[in-house]
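Peer 1: First to last, the protein sequences are chains A and U. For what it's worth, our numbering labels the leading residue of the first sequence as 6, then goes sequentially. For what it's worth, our numbering labels the leading residue of the second sequence as 33, then goes sequentially.
Since the hints were derived computationally from the structure, they do not count as laboratory data. Careful: at least some of the hints might be erroneous.
To be verified - Pair by pair, the computed Cβ-Cβ distance ranges are:
no., chain 1, residue 1, chain 2, residue 2, range
1, U, A52, A, I116, 22 to 32 Å
2, A, Y97, U, P75, 35 to 45 Å
3, U, L542, A, Y97, 53 to 63 Å
4, A, Q51, U, S118, 56 to 66 Å
5, U, R375, A, M91, 46 to 56 Å
6, A, I114, U, A52, 15 to 25 Å
7, U, A72, A, K76, 17 to 27 Å
8, A, F32, U, E215, 31 to 41 Å
9, A, T113, U, T284, 43 to 53 Å
10, U, L450, A, F87, 46 to 56 Å
Note that the structure is a prediction, hence the values are computed from the model and not measured. We treat Cβ as the ideally placed atom computed from N, Cα and C, and that holds for glycine.
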Amino acid sequence: MPDTATAASGLGTYLPLVLLLLLSFGFAVFSVTIAPLVGPKRYNRQKLQPYECGIEPSPQPVAGGGRIPVKFYLTGMLFILFDIEMVFLYPYAVAADAVGMFGFIAVTIFIVAITIPYVYEWARGGLEWD
Amino acid sequence: MDLAQGGPATALGVPSIDVAAVLPLLIVFTAGAVGVLLEAVLPRNQRWPAQVALSLTSVVGAGVALAVYVTGDFESTTTFRAEEASSGALAVDTPALFLWGTLLVLGLLALLLIADRSVEPGGAFVSKAALRGGAAGGTDTLTKEQTFTGMQTEVFPLTLFALGGMMTFCAANDLLTMFIALEVLSLPLYLMCGLARRRRLISQEAAVKYFLLGAFASAFFLYGLGLLYGYAGSVKLADIAVAAQGTDRSDTLLFAGLGLLAIGLLFKGSVGPFHTWTPDVYQGAPTPVTAFMAACTKVAAFGGLLRVLTVSFESTSWEWRSVLSVVAVVSMAIGAILGLTQRDVKRMIAYSSIAHAGFLVVGAMALTEDGLSATLFYLLAYGFTTLAAFGVVSLVRDSSGEATDLSAWAGLAKRSPLVAATFTVLLLALAGIPLTSGFVGKFAVFEAALSDGMAPLVVIALVASAIAAFYYLRVVVLMYFSEPAPDGPAVTVPGVFTTTAIAVGTIATLVLGIVPTFALDWASAGGFVF
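Here chain A stands alone, though its shape is the one from the complex (with noise of 0.2 Å):
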């Protein structure tokens, strides 16, 4: 791959960004053209939402005095702790076999911290929705 002609041209080696970029932003304009042409359109409730779930921003949920309930941030902030792990554990696996017995008990580590958080969550009652 590094020694192909393109790439011995300075920013030939960007041309796959580029076209990566192009590739994106014409898939992101088809996307949004096109469904709404070609998909059936059966409103509910839900549908009407951002994302189809979740919290409802707007206009404020009378409950609680306008306020969000913390439970969607717990679920959310153990998401990202999971999310987290799951980046750094691409990597690994894939450099298992070159980083070693160090790389594994480093890895061991951070599982274990980030578990630590998750136990705590578990037991005092996060996980708990009602």
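Since the structure of chain A is provided, determine the placement of chain U on it from the hints.
Peer 2: Just chain U now, with coordinates in the frame of chain A:
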């Protein structure tokens, strides 16, 4: 590429880690993690004893590990070093070890203040709204157990994490490590500020203000880090120094980077004009947490600032020194003049800390051995004094909680001579009167600044000290020569924890003022390695 195609793996080098050198850090962080687990598994009424035992033993243990390492045959070194790198991510050198020792001692005293439940029912960190108002109302419906276990014990692991972050911050040898440490020390502090929100809403306000402004300052730090990486091609402090010395590159990136980085650091050290959070947060946070913040955060922030300025920017010092001089003058002026107008003891000490931050910047700018050791000593001395001062503040209470308004302190010497005398010693130390540590610290810093050619700055600093001395002495006069108000506050008899913390802080203030040589020797034992 080899890896993805399943070819022979080019093994990555194993970084060298000097476990003995970083053992204090490991102990503090591990204890923090264990503390979180204890919170999860222990029943409510066992949490307080377990957490107090764990946090106190771990900080003492870390101190013992540090003492063993220092008394052994140690060399200043860097650790967490990748195989082919010139230096590691953490520099365990003499200043770092001195700062670690300072942080551990101050952290231990702060933990004692935090753990105390004798001056306030349930401690300062009440977890139940029902306990609001303390003995004044509602407590008769509480069972004994609820009163006993009313404390939010999460504060202990949070303190340990913050302490570990501060220790890492002082030793960080590259900017990325420094940024991570900055976040590790800041995030628990934001939470700790808000832990008294069930008792006083102002605590919540303090937490929100500190969080928003702190996140903003972190962004500045990160921007500066990015620009410096663009300039030097490395985040290592030593590499930035090398890049700044021998190139014909434009200096714009270097100085823009330094400026933004410095804003992040000066914010944490509550140096004016980046001080705006300080009075509100010091006033709003629970007093033991304020003590911890005022003493330890300042040590960590100036430890980091000293290292960055000395290691990375020594060769360019004549270009940035004038800018930092202005910052120091502004900080001293704000602290001294606005402190005069304060009616609240906690806010007054907050403005005093801004003035002291200005003096510390003067010391940090003198990039000499004397400047380094003087600043380190100043941090140690100031930490003890301010911690004990906040300890005393937590004792003077009326029915609604701490009586921090100055009028309530009138005639305190007649009610409680011992507390008034202790507070007088601490205020004199903050003012820098001889025979207290404040005098020795100021003397050392000003001498170092003078010998490095900063005479105008020293003159301004002396004027600022004189102005600030007025408001310290005003409190002394108020305590001794005023008639006590008829419905004035009572002085709570503190439990053993608070008594120990205040006593150690006050004795250290006097010892460092009368026989400071040993501590000055420790502080000047060696310079930074990188």
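Peer 1: Does each hint hold? Answer for all of them.
Peer 2: Hints, one by one, checked against the model:
1. A52/U x I116/A: 22 to 32 Å: With Cβ atoms ~26 Å apart, the hint holds.
2. Y97/A x P75/U: 35 to 45 Å: Roughly 37 Å apart at Cβ, these two residues keep to the hinted range, so it holds.
3. L542/U x Y97/A: 53 to 63 Å: holds (54 Å)
4. Q51/A x S118/U: 56 to 66 Å: holds (59 Å)
5. R375/U x M91/A: 46 to 56 Å: This hint holds: roughly 53 Å between Cβ atoms.
6. I114/A x A52/U: 15 to 25 Å: holds (19 Å)
7. A72/U x K76/A: 17 to 27 Å: Since A72/U and K76/A have Cβ atoms about 19 Å apart, the given range 17 to 27 Å holds.
8. F32/A x E215/U: 31 to 41 Å: Hint holds: Cβ distance 36 Å, inside 31 to 41 Å.
9. T113/A x T284/U: 43 to 53 Å: Distance hint for T113/A, T284/U holds at roughly 45 Å.
10. L450/U x F87/A: 46 to 56 Å: holds (55 Å)
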